[in-house]
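Each residue of the sequence shown is one higher than the one before, starting from 7 at the first, in our numbering.
There are no misleading hints in this set.
Each computed EDC-like pair below joins lysine to aspartate or glutamate, with the alpha-carbon atoms no more than 16 Å apart:
#1 Lys89 to Glu38
#2 Lys31 to Asp125
#3 Lys31 to Glu78
#4 Lys28 to Glu130
If you anchor each label on the Cβ, the simulated ranges turn out as follows:
#5 Met88 to Gln116: 18 to 24 Å
#6 Ala42 to Gln136: 33 to 39 Å
#7 Leu52 to Glu22: 25 to 31 Å
#8 Gly68 to Gln136: 29 to 35 Å
#9 Glu46 to Gln136: 45 to 51 Å
#10 Gln114 to Ala25: 16 to 22 Å
Keep in mind the hints are simulated off the structure, nothing from the lab. Don't be surprised by glycine CBs; every beta carbon is placed ideally from N, CA and C.
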Amino acid sequence: MALKALNKIKRPVQIELEAIQKSWKLEALSQEPYYAHTDEHHVTQLGIKTTVVITSDNFDYGEKGSELNLFEKLTIKTPAEMKPAQFNKRQEVKIVSLSKATTYGDYQNQLSLEGILMDAKEYETRLKQQQK
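With the hints as extra help, turn the sequences into a complete structure.
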């Protein structure tokens with residue numbers, strides 16, 4: 007017997023976006039559209055999913071040290087209404103906002119993110135302008 011509606015009793019995931027922005031260097035690997043299949047004849051593009059790799063991990067994981075997630079891949083979905091940016095392969099990017107984060111997998115060790123990405127240099131420039 008399979009249990010139903012387990013997602014209703016699972017605790018929400020909390021991500022410290024500022025910690026990620028300061029601790030992880032992310033590089034874009036690929037981008038592709040993602041779709042909703044309403045039925046066998048209707049497919050609607052919902053947005054763009056960007057696969058990134060963590061190329062530097064300076065987060066302090068306590069007893070486990072740092073670099074725990076070095077070279078791990080993440081996929082961030084950006085809905086079409088959020089106007090997803092286009093990135094080149096190996097372009098450094100920053101996650102600037104997250105609208106949804108969920109865990110999945112047999113051990114709940116996979117992370118699904120929905121949010122907005124930006125070129126890292128553009129992000130740093132905007133951050134400096136805001137601090138003036």
